[in-house]
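Kindly produce the complete structure, drawing on both the sequences and the hints.
Residue numbers (the numbering used here), protein chains in the order written: chain C, 132 to 441; chain W, 202 to 880.
Check each hint, because a few of them may be wrong.
[Stated by the list, open to error] Restricting the straight-line Cα-Cα distance to at most 30 Å, the calculated cross-link-like pairs of lysine-lysine (DSSO-like) are:
#1 W:K787 / W:K414
#2 C:K397 / C:K378
#3 C:K420 / C:K389
#4 C:K212 / W:K572
#5 C:K397 / C:K270
#6 W:K787 / C:K212
[Unchecked claim] Derived list of chain C stretches under chain W, where covered just means 3 residues or more per stretch with a C-beta under 8 Å from a C-beta of chain W:
#7 172-186
#8 203-213
#9 217-231
#10 235-244
#11 341-351
These are computed hints drawn from the structure, not numbers from a lab.
Computed from a predicted model, the values in this text were never measured in an experiment.
No residue lacks a Cβ here, since even glycine has one placed at the ideal position from N, Cα and C.
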Amino acid sequence: MGARIAGQKVRAAFRFAATAGLICSLPMLQGCALSDAPVLFPKGPVALAERDLLFTAFGIMMIVAIPAILLTFLFAWRYRKRTRNTADYAPDWDGSWGIEAVVWLVPAAIVVVIGTIVWDATHELDPYKPLASDKPAFKVQAVALDWKWLFLYPELGTASVNELAFPADRPLTIEITSDTVMNSLMIPALGGQIYAMAGMRSEMNLLADGPGTFTGRNTMYSGDGFSDQHFKAYAMNEADFATWKEKVAGAADVLDAKAYVDLHKKSVADPVRYYSSFETDLFSIILRKYAPIVGPYESKAAELICRGAA
Amino acid sequence: MLGRLTIEALPFYSWVAMGGAAVTVGGGIAVFLLITWLRAWKVLWTDWLTSVDHKKIGIMYVVLALVMLVRGFVDALMMRAQQAFSLNTEGYLPPEHFEQIFSSHGTIMIFFVAMPFLTGLINIIVPQQIGARDVAFPFLNSVSLWMTAAGAGLVLISLVVGKFSQAGWTGYPPYSGVEYSPGVGVDYWLWALITSGVGSTLSGINFIVTIVKNRCPGMTFMRMPMFTWTSLCASILIAFAFPALTVVAGQLMLDRTLGFHFFTNGDGGNMMMFANLLWIWGHPEVYILVLPAFGIFSEVVATFSRKRLFGYTSLVYATACIALLSFTVWLHHFFTMGSSADVNAIFGIATMIIAVPTGVKIFDWLFTMYKGRIEFHPSMVYTIGFMVTFVIGGVTGVLLAIPPADYLMHNSTFLVAHFHNMLIPGALFGYFAGLNYWFPKALGFKLDTKWGIRSFWCWIIGFYLAFMPLYVLGFKGMSRRMEHYADPSWQPYLIVAGIGALFVLCGIACIAIQLYVSAKTWGSARDITGDPWNGRTLEWATSSPPAAYNFAVLPEVTDIDAFHDMKILGQAYQTPQHYEDIVMPKNTWVGLALGALAFGLGFAFVWHIWWLVALCFVLSLVCVAIRASDDNSDFVLPAAEVARIERERLAEISPADLHDMRDFVPRGVASGAPLTGTV
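Structural data, given as structure tokens:
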């Protein structure tokens with residue numbers, strides 16, 4: 132327990148130093164346009180914790196990195212060859228237990244410190260871990276397609292393409308799979324990414340600080356339409372979300388098996404689409420499509436989706 | 202008859218493809234004409250292509266690496282040009298071309314620049330550093346070279362006939378599977394990897410045996426020069442890691458060619474297994490590239506600081522630690538695959554542990570400089586540039602090793618910046634330092650220092666300009682491998698990165714000018730003594746370039762800096778009491794033939810020309826049979842001939858050429874030892 136509190140103090144101190152250092156040094160390239168960098172200025176507790184971890188580790192490592200860089204310049208200058216160099220010269224000096232102890236033990240100690248933090252943080256920030264909240268999580272199922280994202284909302288019975296909306300005050304649980312090559316789903320302002328793989332289900336838990344619009348994308352190169360495979364994610368307040376729900380529920384299109392087979396075809400930079408309903412168990416059928424099962428399909432819809440034709 | 206090879210495979214479908222093909226074919230024709238004009242075909246054949254001399258093979262490796270460096274860099278320049286301008290537009294490269302370019306850039310830089318460069322330097326130097334006359338298996342060495350060249354040939358010909366892979370240099374399935382990439386591109390990539398991988402594996406085994414068995418009397422393991430140590434560790438890594446690559450490439454080839462399901466979506470395939478196997482090779486590979494460069498830095502820093510290497514024992518153990526740990530961290534390349542927190546945390550911490558021995562190395566080099574007399578030779582300047590820049594890459598590496606932080610940075614340009622930050626200073630600067638340092642040893646004259654220093658400044662400025670913006674873009678959410686983008690705030694950074702690439706272009710031009718200027722004035726820059734930098738290790742005891750047998754009499758060693766001690770004690774450049782007959786391997790065409798057949802086999806497999814596959818395979822077996830039944834593969838160089846060569850060499854050296862070893866006595870300290878070498 133004591134170690135944990137000490138760890139937190141160390142973290143707080145370094146977080147300040149590292150934030151200051153990073154923010155002062157990086158924008159030199161271009162004014163202050165970094166304020167919109169989603170990783171540095173996240174909009175949710177998960178991404179914030181992940182960023183803080185980045186800063187803490189960065190700060191701690193400066194204990195070794197700064198001396199190493201400065202000493203390189205200092206020694207290169209001080210001991211350069213010139214006609215009158217009064218600096219010491221010790222051509223046969225080739226070891227010192229004191230120096231060796233420092234250069235092995237100090238980095239080792241730093242690794243112990245960061246390693247401890249990493250162990251805790253990796254468990255704390257496990258993407259599969261449900262987030263603590265007094266409200267139930269809002270479940271979304273995401274399917275990676277060439278080259279678009281399909282979002283199913285089991286709670287609402289509706290679906291959308293290239294747009295994700297969720298209530299800002301509830302944690303977001305995204306179940307992820309792929310009906311094409313490997314993809315990786317990420318909304319940088321809210322948190323890290325996780326792969327989408329055919330026949331496999333992965334999961335990510337996120338939370339927004341409040342209402343807002345964020346960019347999400349596939350970060351894993353997947354072919355010609357990859358560059359355009361991004362979408363807007365909206366964390367909405369109650370009123371906006373109610374309006375959005377109504378809008379989607381009133382959509383003319385339904386995502387039945389046949390419509391899904393059409394949607395599955397390759398397409399680039401698709402417009403946002405809404406579906407007022409989707410095929411029962413669509414997510415499980417997409418997972419099942421890649422399972423090594425023989426035997427009859429559960430339904431006509433499953434057969435159509437899995438084989439592309441009934 | 203020609204499988205799936207049709208007229209469609211020729212690059213007449215776009216000007217980019219035609220340009221690439223024209224440059225490749227034009228380059229080939231130019232080289233052919235140049236050799237013909239110089240009437241050098243016979244010399245080329247007898248002295249080089251069929252040679253089994255480790256020094257000549259090494260030089261050919263380095264030439265291959267430099268040629269491919271230019272090709273790989275053109276890819277880089279094209280990518281930077283595309284991204285600098287492709288805000289909300291297609292830019293000048295359609296996705297199909299952009300994807301081939303980033304795939305070939307990575308493949309070329311890793312397999313056909315870094316690998317041959319380090320293999321070449323090890324080849325030229327390690328046998329001399331351990332006081333040996335050749336590598337353990339000279340013929341195998343020739344086979345390795347030509348297998349690597351065959352792989353490079355496959356990458357080059359893909360520009361002319363067909364297309365290269367669009368699946369990235371890591372070629373993750375299912376995208377690289379036949380369902381999503383039905384063309385020949387991935388097959389070219391696979392066969393380039395398989396052929397050159399066989400070459401690398403054989404080289405690794407060859408170097409291990411050479412270093413373990415061929416050391417001269419007195420050279421215990423703890424008296425081996427650092428470059429030999431790092432080469433040994435890298436070779437062990439090669440021997441253990443490359444089989445994983447060969448297996449995974451073979452599996453993907455079976456998936457693609459014979460309809461297997463190792464890595465397919467569905468039917469029991471699992472793409473996660475590919476990622477695991479690829480990186481079980483891929484992470485040790487990073488250290489295969491970096492460790493020999495660490496060895497070069499160790500040699501250079503001691504020589505040009507005019508001091509013994511600080512913490513030799515520590516450096517040896519640090520190298521061994523890095524080599525061992527490199528096999529325990531592969532999963533950090535895919536923390537985002539969804540493994541449990543326990544797994545991710547363990548691999549994250551294992552990764553950070555590697556930072557400890559690596560940090561130790563940096564400090565050991567630092568304290569080698571401490572109380573030294575540093576000369577800013579281009580090799581040393583590259584070393585200092587490396588030390589500063591590599592620290593930054595190490596820091597960002599530890600950041601990426603933290604799984605939750607990696608969730609944010611994975612697949613972003615931050616990652617791209619990180620690994621370039623390791624490999625450009627950590628590997629390439631090392632090889633450039635080695636090029637400047639050992640060039641006189643290989644070819645007998647020194648490289649121009651002025652252009653060397655200029656190349657360094659262009660490279661280092663170019664590096665910072667090209668990759669620091671990519672770190673920032675990672676924070677801004679930019680993914681790697683984007684052909685175009687919609688965020689206008691990214692563009693300024695990408696323009697700066699493009700300018701960086703132009704500086705690197707100048708750096709490469711400076712190296713070309715350096716080579717040209719040095720070759721033109723070689724007579725005045727000749728290295729008469731074989732020891733141009735007042736070196737410390739045994740490779741400087743031979744002449745420059747060394748006689749075919751390196752050492753007329755095998756040296757005896759009593760300490761780490763063997764040649765330095767010989768010079769201090771006045772034992773260098775002495776005529777031995779008698780010379781002996783030396784058994785040398787004969788040249789052979791079989792290595793070259795096997796390489797050519799491997800190229801033919803790969804090409805035939807790519808295009809499904811099955812009769813040619815069979816033919817090349819059978820002919821390879823015939824070549825092996827011919828070689829195996831050749832009982833006359835050696836010849837004897839008579840002692841009289843050795844004596845004549847050595848006499849001529851020693852006659853050329855005048856006492857004025859020798860280094861003043863009094864430099865090594867600190868001011869005001871009297872020393873009783875004899876101070877200058879004598880002839």
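Subject >> Annotated coverage of the region 203-213 of chain C by chain W, confirmed only when three residues or more have a Cβ within 8 Å >> reply: holds (count 7)
Original post:
If you draw a straight line from the CA of K397 (chain C) to the CA of K270 (chain C), is it 30 Å or shorter?
Top reply: 27 Å, holds
**OP:** Examine the region 341-351 of chain C: at least three residues should have C-beta closer than 8 Å to a C-beta of chain W.
**Re:** holds (count 5)
Subject >> Pairwise hint evaluation, K572 (chain W) against K212 (chain C), where the allowed Cα distance is 30 Å at most >> reply: 11 Å, holds
Original post:
Under the criterion that the straight-line Cα-Cα distance not exceed 30 Å, is the pair K420 (chain C), K389 (chain C) satisfied?
Top reply: 15 Å, holds
Subject >> Claimed coverage, the region 217-231 of chain C by chain W - three or more beta carbons nearer than 8 Å >> reply: holds (count 12)
Original post:
Given as covered by chain W, does the region 235-244 of chain C meet the bar of three residues or more with CB within less than 8 Å?
Top reply: holds (count 4)
Original post:
Between K397 (chain C) and K378 (chain C), does the CA-CA distance stay at or below 30 Å?
Top reply: 26 Å, holds
Subject >> Pair hint K787 (chain W) and K414 (chain W), alpha-carbon separation not exceeding 30 Å >> reply: 21 Å, holds
**OP:** Apply the coverage criterion to the region 172-186 of chain C and chain W: a residue qualifies when its Cβ sits closer than 8 Å to a Cβ of the chain, and three qualifying residues are needed.
**Re:** It holds, with 6 qualifying residues against the three required.
Subject >> Hinted pair K787 (chain W) and K212 (chain C), Cα distance within 30 Å >> reply: 46 Å, violated
Violated hint for the displayed structure: number 6, the only one.
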